[in-house]
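Enquirer: Construct the entire structure; sequences and hints are all you get.
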Amino acid sequence: MFIAPQWENPSVYLARKEYDMNTEKRLVYMDHAATTATRPEVAAAMVPFMTSTFGNPSSLYDLAKVSRTAMDGAREEVAVALGADPEEIFFTSGGTESDNWAIKGIAFAKKAQGTHIITSVIEHHAVSHTCEWLKKQGFSVTYLPVDCFGMVNPADVEAAITPETILITVMMANNEVGTIQPIAEIGAIALKHGVLFHTDAVQAVGHIPVDVRAQNIDLLSLSSHKFHGPKGVGALYIRSGVELDSLIHGGAQERGQRAGTENVSGIVGMGLALSLAVKGMPENALRITALRKRLTEGLLAIPKTYLNGHPEKRLPNNVNVVFAFIEGESILLMLNRRGISASTGSACSSRSSEPSHVLTACGVPLEVVHGSLRLTLGEETTEADVSYTIDAVKEVVQRLRDMSPLTPPELRSQP
Amino acid sequence: MFIAPQWENPSVYLARKEYDMNTEKRLVYMDHAATTATRPEVAAAMVPFMTSTFGNPSSLYDLAKVSRTAMDGAREEVAVALGADPEEIFFTSGGTESDNWAIKGIAFAKKAQGTHIITSVIEHHAVSHTCEWLKKQGFSVTYLPVDCFGMVNPADVEAAITPETILITVMMANNEVGTIQPIAEIGAIALKHGVLFHTDAVQAVGHIPVDVRAQNIDLLSLSSHKFHGPKGVGALYIRSGVELDSLIHGGAQERGQRAGTENVSGIVGMGLALSLAVKGMPENALRITALRKRLTEGLLAIPKTYLNGHPEKRLPNNVNVVFAFIEGESILLMLNRRGISASTGSACSSRSSEPSHVLTACGVPLEVVHGSLRLTLGEETTEADVSYTIDAVKEVVQRLRDMSPLTPPELRSQP
Amino acid sequence: MYNEKVMDYFEHPRNQGAIEDADGIGEVGNPECGDTTKIYLQVEHDVITDVKFQTFGCAAAVASSSMATELIKGKTLKEAWDLSNSAVADALDGLPPKKLHCSLIAEGAIHAAINDYRTKRGLEAWKEKKESHAEH
Amino acid sequence: MYNEKVMDYFEHPRNQGAIEDADGIGEVGNPECGDTTKIYLQVEHDVITDVKFQTFGCAAAVASSSMATELIKGKTLKEAWDLSNSAVADALDGLPPKKLHCSLIAEGAIHAAINDYRTKRGLEAWKEKKESHAEH
Ligand SMILES: Cc1ncc(COP(=O)(O)O)c(C=O)c1O
Ligand SMILES: Cc1ncc(COP(=O)(O)O)c(C=O)c1O
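From first to last, the protein sequence lines are chains A, B, C and D.
The opening position of the first sequence corresponds to residue 37 in this note's numbering, with each subsequent residue numbered one higher.
The opening position of the second sequence corresponds to residue 37 in this note's numbering, with each subsequent residue numbered one higher.
The opening position of the third sequence corresponds to residue 1479 in this note's numbering, with each subsequent residue numbered one higher.
The opening position of the fourth sequence corresponds to residue 1479 in this note's numbering, with each subsequent residue numbered one higher.
Be aware that one or more of the hints could be misleading.
Part of the chain D face toward chain A, derived, beta carbon under 8 Å [what the hints assert, rightly or not]: (1) 1488; (2) 1512; (3) 1532; (4) 1535.
If you're looking for bench data, these hints aren't it; they were derived computationally from the structure.
Glycine is no exception: its CB is placed at the ideal position from the N, C-alpha and C atoms.
Expert: Structural data, given as structure tokens:
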């Protein structure tokens, strides 16, 4: 079991549990792309909105006004982070709902004008499964390919546009390989052709700069738990003037666009977490990028190991490699025994054994695609964590290669 | 501003702030149907799942297992409260999402079989606006009337069924007037005709006994913040064997039926809150019913005041009356100045001045429908609160009647 | 939702009440809509010497009726006729956008009261410039 | 996900490795599917005197291959042939339902190794009762 963390400095050491007290095992969290710990100060800010100033924001009395004011503050914080206006921010239950809302909302609102949607092959399932469902409802979907770095070519986007096209949806940064897409270029193309442009920025917001105006983005999804906010809350930015159907109908919350009593404490937490993430971004991005480079080099020193995703245009915190001759789940479980939390592909698919659609789309050969490891760093990652991780991965890879029938003799420890 | 509560006994005195410290104003929360305070012990149980054992439940490592185990526990608690199996419980972002999912999910899954939906005129907007949207997608909807107590007649349900009918959705207890519907009877009719039956039990769960088997319910919506759990989390019960489309597509969470990283802390909080609510239900229902009766009698002693909803078959905590000659928003604002939080109609519509569709459907005459007041009691409501409220309402009604051009001379204080 | 001035005029309405034997009485709105205002005028030499109001309605309707009575007291009938609902809203330091229409009811009731006074004296009723606000 | 026994056999696999000059070698699965197991047999008088395995795959594949080698060591070839994947899973105190198929790979590799031994000695290969599991 996990034990209460010993904060050194709560704003730096987030969910830092250096050791499991029972086993004296070192604990290293290397899966920040899956989720992050809520900052202690964020959780502390949330609690009063649950137990004390708990009013329903839709009500008329003073208690409700406290909730409304707090939500307004969070809306402002989210807007500032995106370069948007507060009126363009709509709160949701997370990145997945935002993606579903943006895509289905536009599809249903614009189906009289056209039924064609353009997306990429490397989208998160929140986008791709939504598109698949829309296909069953009579829409058509073009899946753009990516190059070997996981990058969409803007020229492909332009070529795919037809008079029927109502929406382009391409993610800002990929959750598995970390590749950052040419969003401003795609936005410009969308603008030129008068097609709406949605981007799933769940992995980007709070980690790299975002500017919806400069990047010509009409709709943008984000999720709080990816930047040290609480789980179960997110937002959709909708450029003012863009009309779409609601996904969740009911009361008049969120200016009649997203019904349901607002998750006030979650929204407050998200706002605070995002403003802290944006404030710390320049410094953190530099420090984490340096750690990431050290980690990447350390891992690529293992023979028959290959980097996935773009060498430069990637999220500061993302390392994704494949090791030939071994399999991902085994790597994860052995790392887990060494106190390291990591991922193979996205968290959602890690419990199924199908190879990652992202790695496959990047052209990673089938015989090595199963041996992928994603390590994603965070604010609280230290130099010592990186060193420990490199050593542990080396040891685990060797153990598994010794166990594998595929390993050539020269890579075995006892040939 | 509100100040930190002084708990006498946290499990009884939830968000009890007897006085506003700045103004020395007495505070009486009489709007438990709009939302409730999260129990302090529930909030306390949630925090570690944000800051410490924060793992993404879909991941493979130990940290994630803690999250999964906690969610399993909550699922069990919710299932027990409904008489369901844990596998039949799916977590959502609240009552509104559950309603949308149930209705749209069945509609899209069954549209080849039929496109007719039966509902009532007194549903929450989460149901009625969803039905309205489905009408735009080609479905047809029958809205059943209610009697003057806000009660649906099961015979009307049966009469409305056609070979095209795919779903009956009638709420368990009304949020405005508190009337409890004949759910078991409607369930039996649905079963007999092989039509699926959904009930919005958002106001019922945690307040009155629910048994999905005995009541023949196929789908049931509930929302955590109505029973002293956190906002932004709810559940949909789906009887095993019932197939419906997802509302939110993406990852494989919730057995592939509801995508999105789970709101683990919220789910844990909901489970705990519901188990506490169910445990305290027999005692609380008795005590609150007695308080409600005293409050009702006190208010009905004001001349030209009428009770809305059913005199007996209503939620233990719901009082809803209309006062002739005066208007609801004014009543609320004057009560707010006296420290009392109340509602006119449902929280969602209280900021618009259209008369409540529920009261209108119950046949409340248009010239009095604007003067409605809903007071909903809770666990922490005391005898003193009730006395204070009766006095305050009396005073406010008199003041407003003195101000109104409609008031007959004999009801004025200075005629 | 409302600013403090609106709340003050709602909680402590100026000129609330009726005038026995008023020279002019106007009532607009209807209870089915949720808003009704009645204005009582006392007029001497074309000047409003006293005015009272009664309102059934939301806080915006009450406050704007009350403010309107303050603004027309001591004014000529012509000046009172020309009082716009936006001037009333301004005098209240503003109303929430969706409550702006509630201030129309005071303007309407004043017009009705003035015309009641005029027709009782055999004068021609003044015409509304724009459409009547009586049934806002 | 996995119970402790599975994790123990995954972390400390029994009989892992290769046998030089094995009497029978069988390999099934393919790296594109994510699972491959290779079994090495030493046979004396129809009895398996030594056995080793190598596995590329998930923890379930590793643990069940390892467990299977333990179960067939000292058994006759016929007994080893009849070892079912569910017996292996049982010996591991169970596998998660969606990982049950991973234990098939051990069964398949054992069969392949036995038939390799038999055909090398000019004996007829035994037939699978059910469909081959080689390409699970
Ligand atoms: C009867 C009923 N249904 C649905 C809802 C919506 O629930 P939530 O606010 O959790 O979305 C509510 C409460 O607002 C309700 O009272
Ligand atoms: C790129 C991307 N999109 C969408 C999501 C879904 O976000 P959430 O889990 O908040 O629903 C995720 C994370 O899981 C993601 O990485």
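Enquirer: Confirm or reject each hint.
Expert: Each hint, compared with the structure:
no.	hint	result
1	1488	holds, 7 Å
2	1512	holds, 4 Å
3	1532	holds, 4 Å
4	1535	holds, 5 Å
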